[in-house]
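**Student:** One letter stands for each residue in the lines below.
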Amino acid sequence: MSTESAPVPKSGVAEDVQQGPRVAVSALVTNLREYGLILALIAIMVFFQYTTSGTLFKPVNLSNLVQQNSFIIVMALGMLLVIVSGHIDLSVGSVAGFIGALAAMMMVIWPLGPFSNPLVVSIICLIIGGAIGAGQGYWIAYHRIPSFIVTLAGMLIFRGICQALLGGGSSVGPLPAGFKALSSGFIPDVIGSLTLIPPVVNAAGKTIVGSGLTLHMTTIVIGLVAVLAYAYFGLRARRSRERHGYEAEPFTLFVVKTLVTSALALFLVYQFATYRGLPIVLVVMGVLIALFVFVTKRMTVGRRIYAMGGNAKAAQLSGIKTERLTLMVFINMGVLSALGGLIIAARLGQAVPAAGLGSELDVIAAVFIGGASAMGGVGQVIGAVVGGFIMGVMNNGMSIMGVNVDWQQVVKGLVLLGAVVFDVYNKNKA
Amino acid sequence: MASTILEMRDITKTFPGVKALSNVNLSVEEGEIHAVVGENGAGKSTLMKVLSGVYPSGTYDGEIIYRGDECHFKGIHDSERRGIVIIHQELALVPMLSIAENIFLGNEHARYGVIDWNANETRTSALLKKVGLKEDPKTLITNIGVGKQQLVEIAKALSKEVQLLILDEPTASLSEKDSQALLDLLLEFKRQGITSILISHKLNEINRVADKVTIIRDGRTIETLPKKDISEDRIITSMVGRSLDDRYPSREPEIGEIVLQVRNWSVYHPIHAERQVIKGIDIDVRKGEVVGIAGLMGAGRTEFAMSLFGRSYGRRITGEVLLKGKPIDVSSVSKAVEHGIAYVTEDRKTYGLNLIDHIKHNITLANLPGVSRHSVIDDMRELAVANDYKAKTNIRSSSVYQMTGNLSGGNQQKVVLSKWLFANPEVLILDEPTRGIDVGAKYEIYTIIARLASEGKAIIVISSEMPELLGITDRIYVMNEGRIVGEMAASDASQEKIMRAIVRGEGKAS
Chain A
1 MSTESAPVPK SGVAEDVQQG PRVAVSALVT NLREYGLILA LIAIMVFFQY TTSGTLFKPV
61 NLSNLVQQNS FIIVMALGML LVIVSGHIDL SVGSVAGFIG ALAAMMMVIW PLGPFSNPLV
121 VSIICLIIGG AIGAGQGYWI AYHRIPSFIV TLAGMLIFRG ICQALLGGGS SVGPLPAGFK
181 ALSSGFIPDV IGSLTLIPPV VNAAGKTIVG SGLTLHMTTI VIGLVAVLAY AYFGLRARRS
241 RERHGYEAEP FTLFVVKTLV TSALALFLVY QFATYRGLPI VLVVMGVLIA LFVFVTKRMT
301 VGRRIYAMGG NAKAAQLSGI KTERLTLMVF INMGVLSALG GLIIAARLGQ AVPAAGLGSE
361 LDVIAAVFIG GASAMGGVGQ VIGAVVGGFI MGVMNNGMSI MGVNVDWQQV VKGLVLLGAV
421 VFDVYNKNKA
Chain B
1 MASTILEMRD ITKTFPGVKA LSNVNLSVEE GEIHAVVGEN GAGKSTLMKV LSGVYPSGTY
61 DGEIIYRGDE CHFKGIHDSE RRGIVIIHQE LALVPMLSIA ENIFLGNEHA RYGVIDWNAN
121 ETRTSALLKK VGLKEDPKTL ITNIGVGKQQ LVEIAKALSK EVQLLILDEP TASLSEKDSQ
181 ALLDLLLEFK RQGITSILIS HKLNEINRVA DKVTIIRDGR TIETLPKKDI SEDRIITSMV
241 GRSLDDRYPS REPEIGEIVL QVRNWSVYHP IHAERQVIKG IDIDVRKGEV VGIAGLMGAG
301 RTEFAMSLFG RSYGRRITGE VLLKGKPIDV SSVSKAVEHG IAYVTEDRKT YGLNLIDHIK
361 HNITLANLPG VSRHSVIDDM RELAVANDYK AKTNIRSSSV YQMTGNLSGG NQQKVVLSKW
421 LFANPEVLIL DEPTRGIDVG AKYEIYTIIA RLASEGKAII VISSEMPELL GITDRIYVMN
481 EGRIVGEMAA SDASQEKIMR AIVRGEGKAS
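In the order they appear, the protein sequences are chains A and B. So the first sequence is residues 1 to 430, counted in full-length UniProt numbering. So the second sequence is residues 1 to 510, counted in full-length UniProt numbering.
Excised from the complex, chain A in its bound form (with noise of 0.2 Å):
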């Protein structure tokens, strides 16, 4: 028999606990990717703005951009909450193009009076962009079809009922101006505009270009108490930590990542201020924007979804209903989807049996490039965001350059690739 003495199983002591320093190294290393991101946009704003000779920052298609990717990101902010779940949606280009369909019979041909009211009209398409969430979510949330099929089905179905509506090939339009203002309006400017530098006249009796710069005021107001609120906001929830003895990032970090942010939205609001203010779908997606983050950051549903997506069968068995939770998700993503496809068509001024085609893939790259997991629950609001404008800005940029659009294509493919590999990359380090 064995004379070995019994095994001593090793404690479990200590094996748990990080160094001081290498705590400040992966603090760093988590907020790389956040911070990359950003930079990564930065650089591609820069070196358009380089190779387009000045123009990707002129006021004028800087409200071209905003009004050409809204859409993008309005969806992406749904889309992220799909994809955060574990899921997918293919069908929000479908949806979307369906809703402007609708939008423009309601208000161009149909006979229905008061119900003809653009606003009226929005709304319920919004209504039914939410019941068409719930449609497909139904599937997916209580009979656990897996969502690529469904949304697979509803991408067939809507654009299919999309043409159908618009009666084959053709397009219906013109769109009311009010509702058109949706995409192409700017915000009023109730305070007046500034004049900064009084027109020259020349002899020959014409303004000397560049001068008599104005600057609509109101944008200029709402920019300010934006920055200023997100500084403030920024530095209370640092000092609450401190203030319970918690670490937080280090200052100067902090402090330089609100120089940029609030530097960079405040040269852009210049720029708005310049031309004719802000958009109003700039303002739609800024409000949108700042609900997605607080939801998924402060709420207990947006903490029920990242975990549901992080582990399903563990979120159920703490007690959180993971159907009926996926089923709002798709909700949500279906009034989203109707959006889109409102300010698609408002952008139009017609609705077309091609609006928001493939549109869904832009969406979802956004969502990826903005560092979400395809296997659920990772993923940030800002990142989606921000994944989003870089897509745009690329559009913009390489049709101003005149880069042919296969070629953009591959370009905008390789930097999908290219990021999910560095996260991918990161990950496996880390």
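These are computed hints drawn from the structure, not numbers from a lab. We put the beta carbon where it would ideally sit given N, CA and C, even for glycine. A portion of the hints provided could be inaccurate.
As the list claims (entries may be wrong) - Below, computed lysine-lysine pairings styled on PhoX-like, alpha-carbon distance capped at 20 Å:
# : chain 1 : residue 1 : chain 2 : residue 2
1 : B       : Lys-49    : B       : Lys-160
2 : B       : Lys-349   : A       : Lys-313
3 : B       : Lys-177   : B       : Lys-212
4 : B       : Lys-160   : B       : Lys-129
5 : B       : Lys-228   : B       : Lys-212
6 : B       : Lys-335   : A       : Lys-321
7 : B       : Lys-335   : A       : Lys-313
8 : B       : Lys-177   : B       : Lys-129
9 : B       : Lys-212   : B       : Lys-227
Said to hold, decoys possible - What the simulated footprint calls covered on chain A by chain B, stretch by stretch (three residues with Cβ under 8 Å from a Cβ of chain B suffice, anywhere in the stretch; the number is not a length):
#  : stretch
10 : 300-306
11 : 309-318
Let chain A serve as the given structure and place chain B on it in line with the hints.
**Tutor:** Just chain B, lined up with the frame of chain A:
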């Protein structure tokens, strides 16, 4: 006349932090049926994985001598080439392929990659006849029962010209009839000269077929008994005979009124709708009492607990749950939690934790309203709660922002425990609370359990480790095959008594 076919000498296998096998010796003679017995976790399966090359040569110490040659199996293919075939506890068949396809999977009769189905099916028919299975070779695996699947596995082993057949608890999920048929088959193989190693803890089976029994406990060989010395008493003593030092914190139980009563609880299998998994269980738990549920793997303990906890397992659940005498509705997890029932899972990675999130978020997950107002989470309150429980349960981590996926098993268990403590339950069901964690962390978990009981919680502990149940509980139910087969006060319970209740599996004991 019998020569030694297999000799395993001084096998030692270490996993990070735990020595699974320590100088194990096993000697098997040609043509015998050699049983290997031991408690769950004693190291039986590990030993067989060493033998079959699942743990390749070099990852363990000691030597394997098979038919006179020292063998260094690098993988399961090496051992199979020598005629050693292992059939694992969890069957390794592909459900949506046919019997014939499964038997010759990776080993098809083919020319230039084109499969000759006729040859495969003819050979399959011959093999099925040998194992006494009357099924069409084209039948899909998913359409036959577990017993028949087991036979397909054996047929697959035969197709590989097996000389040494290893069966790891082959009858664990079989009915009585299927088990008998399987044992008969083993005896038939013995007549044909095939040597078998049978891992089992069903002593009646061993009595019936085994020529020798080797008993393993705590990763060490205790003894090898020849047929004439095989007796239930001897085996049980060897299996469980370890000393009970002060591995458990002492405690003065203060037992109050009945908190939880379960009446006539029955559950059917979620997929095999006709199979009743839980058969009319009655238990009750009192305030401040720690009640243990003993039993072997597959006795239905986890299924019972999970069906109780918001119908998280099974179908057609019937029975009544009373909390302090009043019937309560536990039909969903959130309802169960509302009524103050918490279930700490046996599988913390699959069912307990969000491994890609940090400790803080995991701790508050089951009681988010407890750290929020109007559905808005108060970050500072959440942080305070997380730090409080980190201290209370002694979670060792750099901060509450450490990913739970990077924690050791013991610390993960403490996070799951913290999550449920923060939900403030009255009844806490702990399923294998110390599985896979080291002795130091185990003691801490026991201390937490003792403290909770003294705070007046009613606690149910499900465990396969009998010394643990004897050490920390006040009363023990013994479960077998979906029934309570014994109930005893911990003070007059013993491992022998529990084992006896299990292996006899009849009526209510003492």
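**Student:** Each hint: holds or not?
**Tutor:** We went through each hint and held it up to the structure:
no.	hint	in the structure
1	B:Lys-49 / B:Lys-160	holds, 18 Å
2	B:Lys-349 / A:Lys-313	holds, 10 Å
3	B:Lys-177 / B:Lys-212	violated, 24 Å
4	B:Lys-160 / B:Lys-129	holds, 16 Å
5	B:Lys-228 / B:Lys-212	holds, 9 Å
6	B:Lys-335 / A:Lys-321	holds, 11 Å
7	B:Lys-335 / A:Lys-313	holds, 17 Å
8	B:Lys-177 / B:Lys-129	holds, 18 Å
9	B:Lys-212 / B:Lys-227	holds, 5 Å
10	300-306	holds (count 5)
11	309-318	holds (count 8)
Hint 3 from the list above is the single one not met by this structure.
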